[in-house]
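Whole structure, please, built from the sequences with the hints as guidance.
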Amino acid sequence: MSERTEIAVSVNGLSYTRTVEPRMLLADFLRHELGLTGTHVGCEHGVCGACTVLLDGRSARSCLTLAVQADGADIETVEGQGTVEKLGRIQQAFRDHHGLQCGFCTPGFIMTIADMLRHHSLDSDEEIREALSGNICRCTGYEHIVNAVRELAKERGALK
Amino acid sequence: MVGQRIKRTEDPRLLAGVGRYVDDITPQGTLHIAIRRSDQPHARIRSIDVGEAFAVPGVVAIFDAADLDGDLKPAVPTSKMKNYYATPIWPLARGKVRYVGEPVVAVVAESRYAAEDALEHISIDYEPLPFAIRQTDAVADDVPLLHEEAGTNVIISREFARGDVDKAIQDAPVTVKGIFRMTRKTAVAMENRSYLAEWDKRRLALTLHSSTNIPGVIRDVLASCFDLPGNRMRVVAPDVGGSFGGKGSLYHEEMLVCALARKLGRPIKYTSDRLEDLSSTSQAFDELMDVELAVDRDGKLLGLRADVIGDIGAYSIYPWTGALEPVQVVSFLPGPYRLEHYRGRIRGVLTPKPPTGPYRGVGRPSSTFAMERLIDMAARKIGLDPAEMRRRNLVTAEEFPYRTGSGIIWDKSAFQECLRAACDYLDYPSLVRERDKARAEGRWVGIGLASYAELTGIGSRISAAPGMPINTGTETSAIRIDATGAITAAFGISSHGQGLETTLAQIIADELGCTMEDVEVQHGDSALVPMSTGTFASRSAVIGGGAAIVASRTLKAKVLRAAAHLMNQPVEELDASGGIIRSRASNISMTFKDVANAVYSQMGAIPREQREDLAVSETYDPYLGTACSSTHLAMVEIDPETYGVNIKRYVVAEDCGRIINPMIVDGQVQGAVVQGIGAALLEEIVYDDQGQFVTASLADYLVPVATNVPPIGIVHIEADLPNNIGGFRGMGEGGTIGAPAAIANAVSDALSPLSIEVDTLPVTPERIFRMVEAARARNKVV
Numbered sequence: 001m002s003e004r005t006e007i008a009v010s011v012n013g014l015s016y017t018r019t020v021e022p023r024m025l026l027a028d029f030l031r032h033e034l035g036l037t038g039t040h041v042g043c044e045h046g047v048c049g050a051c052t053v054l055l056d057g058r059s060a061r062s063c064l065t066l067a068v069q070a071d072g073a074d075i076e077t078v079e080g081q082g083t084v085e086k087l088g089r090i091q092q093a094f095r096d097h098h099g100l101q102c103g104f105c106t107p108g109f110i111m112t113i114a115d116m117l118r119h120h121s122l123d124s125d126e127e128i129r130e131a132l133s134g135n136i137c138r139c140t141g142y143e144h145i146v147n148a149v150r151e152l153a154k155e156r157g158a159l160k
Numbered sequence: 001m002v003g004q005r006i007k008r009t010e011d012p013r014l015l016a017g018v019g020r021y022v023d024d025i026t027p028q029g030t031l032h033i034a035i036r037r038s039d040q041p042h043a044r045i046r047s048i049d050v051g052e053a054f055a056v057p058g059v060v061a062i063f064d065a066a067d068l069d070g071d072l073k074p075a076v077p078t079s080k081m082k083n084y085y086a087t088p089i090w091p092l093a094r095g096k097v098r099y100v101g102e103p104v105v106a107v108v109a110e111s112r113y114a115a116e117d118a119l120e121h122i123s124i125d126y127e128p129l130p131f132a133i134r135q136t137d138a139v140a141d142d143v144p145l146l147h148e149e150a151g152t153n154v155i156i157s158r159e160f161a162r163g164d165v166d167k168a169i170q171d172a173p174v175t176v177k178g179i180f181r182m183t184r185k186t187a188v189a190m191e192n193r194s195y196l197a198e199w200d201k202r203r204l205a206l207t208l209h210s211s212t213n214i215p216g217v218i219r220d221v222l223a224s225c226f227d228l229p230g231n232r233m234r235v236v237a238p239d240v241g242g243s244f245g246g247k248g249s250l251y252h253e254e255m256l257v258c259a260l261a262r263k264l265g266r267p268i269k270y271t272s273d274r275l276e277d278l279s280s281t282s283q284a285f286d287e288l289m290d291v292e293l294a295v296d297r298d299g300k301l302l303g304l305r306a307d308v309i310g311d312i313g314a315y316s317i318y319p320w321t322g323a324l325e326p327v328q329v330v331s332f333l334p335g336p337y338r339l340e341h342y343r344g345r346i347r348g349v350l351t352p353k354p355p356t357g358p359y360r361g362v363g364r365p366s367s368t369f370a371m372e373r374l375i376d377m378a379a380r381k382i383g384l385d386p387a388e389m390r391r392r393n394l395v396t397a398e399e400f401p402y403r404t405g406s407g408i409i410w411d412k413s414a415f416q417e418c419l420r421a422a423c424d425y426l427d428y429p430s431l432v433r434e435r436d437k438a439r440a441e442g443r444w445v446g447i448g449l450a451s452y453a454e455l456t457g458i459g460s461r462i463s464a465a466p467g468m469p470i471n472t473g474t475e476t477s478a479i480r481i482d483a484t485g486a487i488t489a490a491f492g493i494s495s496h497g498q499g500l501e502t503t504l505a506q507i508i509a510d511e512l513g514c515t516m517e518d519v520e521v522q523h524g525d526s527a528l529v530p531m532s533t534g535t536f537a538s539r540s541a542v543i544g545g546g547a548a549i550v551a552s553r554t555l556k557a558k559v560l561r562a563a564a565h566l567m568n569q570p571v572e573e574l575d576a577s578g579g580i581i582r583s584r585a586s587n588i589s590m591t592f593k594d595v596a597n598a599v600y601s602q603m604g605a606i607p608r609e610q611r612e613d614l615a616v617s618e619t620y621d622p623y624l625g626t627a628c629s630s631t632h633l634a635m636v637e638i639d640p641e642t643y644g645v646n647i648k649r650y651v652v653a654e655d656c657g658r659i660i661n662p663m664i665v666d667g668q669v670q671g672a673v674v675q676g677i678g679a680a681l682l683e684e685i686v687y688d689d690q691g692q693f694v695t696a697s698l699a700d701y702l703v704p705v706a707t708n709v710p711p712i713g714i715v716h717i718e719a720d721l722p723n724n725i726g727g728f729r730g731m732g733e734g735g736t737i738g739a740p741a742a743i744a745n746a747v748s749d750a751l752s753p754l755s756i757e758v759d760t761l762p763v764t765p766e767r768i769f770r771m772v773e774a775a776r777a778r779n780k781v782v
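Protein chains in written order, with the working numbering: chain A, 1 to 160; chain B, 1 to 782.
Hints were generated in silico from the structure; no laboratory data involved.
Every residue gets a Cβ at the ideal spot worked out from N, C-alpha and C, and that includes glycine.
One-sided excerpt, in silico: chain A residues whose CB lies under 10 Å from chain B:
hint: 1; residue: Asp-28
hint: 2; residue: Thr-77
hint: 3; residue: Phe-94
hint: 4; residue: His-97
hint: 5; residue: His-98
hint: 6; residue: Gln-101
hint: 7; residue: Gly-108
hint: 8; residue: Ile-110
hint: 9; residue: Arg-138
hint: 10; residue: Thr-140
Shown next, in the form of structure tokens:
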């Protein structure tokens, strides 16, 4: 295909330089080039939100983003939120509230919520549900996820 | 542990992003497949021209059906049913295509990108053939046949009857009838289907990693297709991203990756995209249900007759067959009610669409929708409250076991208690007053009830699908304590979101007397136990949980026998809990680890003739199934501007027997109800008159998001279940069964001032608009 391009990104604080086809999706880059398979691909047309990552601090659909667009960016994925031995705060809230079943959509929800907690007040269930409405979960019916976010928002307190 | 809200052991890996789904596994040398699918509903393949496809860098090989001749045998979904024709299943279309989306050509390349590039160079010359896309046309005589060898499109017909229903209806003072339909739908698991096959050249063995929920069934059928013994055909379901039935059948692509891995000697991976998922994963519902119910003036049910045409798609699916959905509709149509006279007939008809297969609830969402609508229509006709109508007809505790008109036996389940609990939870009388007040203000507010029962955890007495020749009624648990004292428990089930790694460990901890942390539950791998099927049909907690109990008890007896010798205590004085064995007769104690060490590693600690490995394998068969029952109660308001349905209240009262983990049960109920809300209000697969697939993205096929759904109240009733070892009833499916009916009844109630009766789901804003327009024209109301 067309000429390969060199890109340099930071993912979860580590620097990577790779040469990629311009058409390569950021989701495929993370999964197949870097082996960070925690980011999942559910629809490849920007509806389901499973592939959500943070791009310079804001949530982005990695299935609608080209890897070359992320050149120079600071990317955060679910792997940067915590580990099996030490879950991050959002991950722990999901576990405490049973906010996941099959776990496939979960990384996308976690990254969406990471963004929402930084930028939105989330002080009512309506606002929480609105914030989650760009992510599809087929297992939980959302209620336990809403419960987890309510606790996280309360713990965070008012946005500065 | 059983009964407690234990946090799930499977969570940390899934939350940390280190779950392992099939597409996350890429062995060295993996080749990737992209599939050229039919764009024709029914056509003969004249020729296939690969054009410049091989010029695309990275393309390794291209296959059509002819290239696989002799490589494998087809899978045939046989059945003991009379009046049934089993359509064979091949990896790629042979000679003809029979639905838009059927796999025709496979491109194998070094990357998925390259494989997809090559697809565009391939041209297929089709001779279009006539077809009947709608089931009402396809059942007629002299219509084009999809499978000429069958001689008909109606490959399934069946009838259940008891009493004299025609007379009952003819003599009845009140009858209600309708033609009901839940339109075609699909499961939409968040993980698309994905398969990875590896051929071991040393052992001449195939391993398939599959996003399936029936690895055992798939192992058995592929072993036969590829003529391999089971010890050289292994199917592993690693973490699986939901199924809801969609991953519960054999797929073309599973056969394809295996055939190509063996042929090419390289790992072969196929991962579907969402378009392929929507257009080639098994679909569900789509029965046209012509039903009539007779009642007396007190609301007593007298007779029910049904003529159902199920649109089963282009093939009968393996292993369930195309009979699964439609036959289950007429099996369950009489519901949890006392009803003497019944006749249910079905015809399953082939149309050029993807096959129907299992979807959460199987048949019962549709049967419950039709029956519960009729109950409400009858109640309205005789002026009886719908809750009272149900109370008068639900089978009561004294009547169990009760045999329905279709032959299903309901045993001890909380039918009446669920109805009462749902009504109490939302204070039904005040809900009625609230509705009446809103109605007086001209608002479209309505209340809907749905009561149903399902068979779960079905044992070996009956097939999970009608006439299906494979056994799904047993489950094996193999538990061992190793030389380090660690406990490994292997099962044939295949958890894909249900949390069985947690719940089965809870059961084992209680029964064996160890801690949960000591137990690793293994599942989803055909190599674990001799015979397995998987997780479906609300069977795993009942049958797998039962096997866990039997195996734990046998193992505990072994541990205590060894400990009795080591502690020099009578065995009947010993008991174990929390991993420690104590004697009631003294202060001495031992840990499981101590016992394991003595048994395995300390020579002579136990005399040679008394020493036995701390390993057992036990199988449990509940023989009959268990009945799980529920009542759903909803209040909705319809927006007169947008015709959108807003669910204002929702409660489920359900009896799933003894609860292993209330947190997990709540999650199952909520998730299933929300899928049921999707079926009621949003989800619809559409094929146009040309046989083309119209709902090809998640922007066209809508599933519920967080803003569509209300908080859901849940009341658990744990009715005693004497004939089942654990007292568990299966409950994973129920929510999808009750929610469509409850919402359809609530919407009908809201629109009752216009005499509107909902007969088709999903009841979208467009359908409501059309019904309201028609009613206004009919009623001459402006």
